[in-house]
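The task is simple: from the sequences and hints, build the whole structure.
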Amino acid sequence: MRYQISGKQIDIGDALTSHVKSAIDEMTGKYAGRPTDATVIFSRSAYEFVCEITVHLSSGLTAQARGVASEIYAACDAGVEKMDKQLRRYKRRLKDHYKPRSQPVEVQAASQYIVAATEESDEEADVPLSPTIIAEMETQIVTLSVGDAVMQMELANAPVLMFRNEKNGAINVVYHREDGNIGWIDPQDRH
Numbered sequence: 001m002r003y004q005i006s007g008k009q010i011d012i013g014d015a016l017t018s019h020v021k022s023a024i025d026e027m028t029g030k031y032a033g034r035p036t037d038a039t040v041i042f043s044r045s046a047y048e049f050v051c052e053i054t055v056h057l058s059s060g061l062t063a064q065a066r067g068v069a070s071e072i073y074a075a076c077d078a079g080v081e082k083m084d085k086q087l088r089r090y091k092r093r094l095k096d097h098y099k100p101r102s103q104p105v106e107v108q109a110a111s112q113y114i115v116a117a118t119e120e121s122d123e124e125a126d127v128p129l130s131p132t133i134i135a136e137m138e139t140q141i142v143t144l145s146v147g148d149a150v151m152q153m154e155l156a157n158a159p160v161l162m163f164r165n166e167k168n169g170a171i172n173v174v175y176h177r178e179d180g181n182i183g184w185i186d187p188q189d190r191h
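Heads up, the sequence shown is in this note's numbering, so the first residue is 1 and it goes up one at a time.
By construction, these hints were calculated from the structure, which means they are not laboratory data.
Using N, Cα and C, we set each Cβ at its ideal position, and we do this for glycine too.
Take the hints with a grain of salt, since some may be wrong.
Stated by the list, open to error - Pair ranges (Cβ atoms, derived): (1) Q188 with I10: 46 to 52 Å; (2) E138 with N168: 23 to 29 Å; (3) D186 with T17: 25 to 31 Å.
Claimed, not checked - Below, a list of computed lysine-lysine pairs in the DSS-like style, where the Cα atoms sit at most 30 Å apart: (4) K30 with K91; (5) K85 with K21; (6) K8 with K82.
Right, dumping it as structure tokens:
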């Protein structure tokens, strides 16, 4: 597995690098099979250390976790423990030997835009809405089942996930609802 361990204005020594690698190896060995790479970024927020961990699994899924503590090793351990809980929840599906994929996960390129929020005004003007695009980046839309999409969204700690439904090939969306449940949008062609 490839590791990318870095710190934002923090010196990452050999002992911490070794600690991170052994902790992630132990955790992913139990639940995830063969992860392809891991990115760990340490930063400091006021009096606390923050450890952000991203692990790309061989199944095409991505798991993310964040640990915060007053000491850097404790922040790492908190992040690893949080990811451990996420992977434990999906262990059976991650290591599902009875339903092997007949084909690899299909991926489609797409553009992602970050748009500035509109300002509220008391005037009702007939000005056409033209939002300012703040950022544009390339992303990927993966082909998954609805259950796998929910798992990917929760492993990545994302509020929403767009994916191509493997049953019908349509673009679908799963998202976290305000009531704590998961929503699923499956547009139907009603011509």
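Checked hints:
no. : hint                       : result
1   : Q188 with I10: 46 to 52 Å  : holds (50 Å)
2   : E138 with N168: 23 to 29 Å : holds (25 Å)
3   : D186 with T17: 25 to 31 Å  : violated (44 Å)
4   : K30 with K91               : holds (9 Å)
5   : K85 with K21               : holds (18 Å)
6   : K8 with K82                : holds (21 Å)
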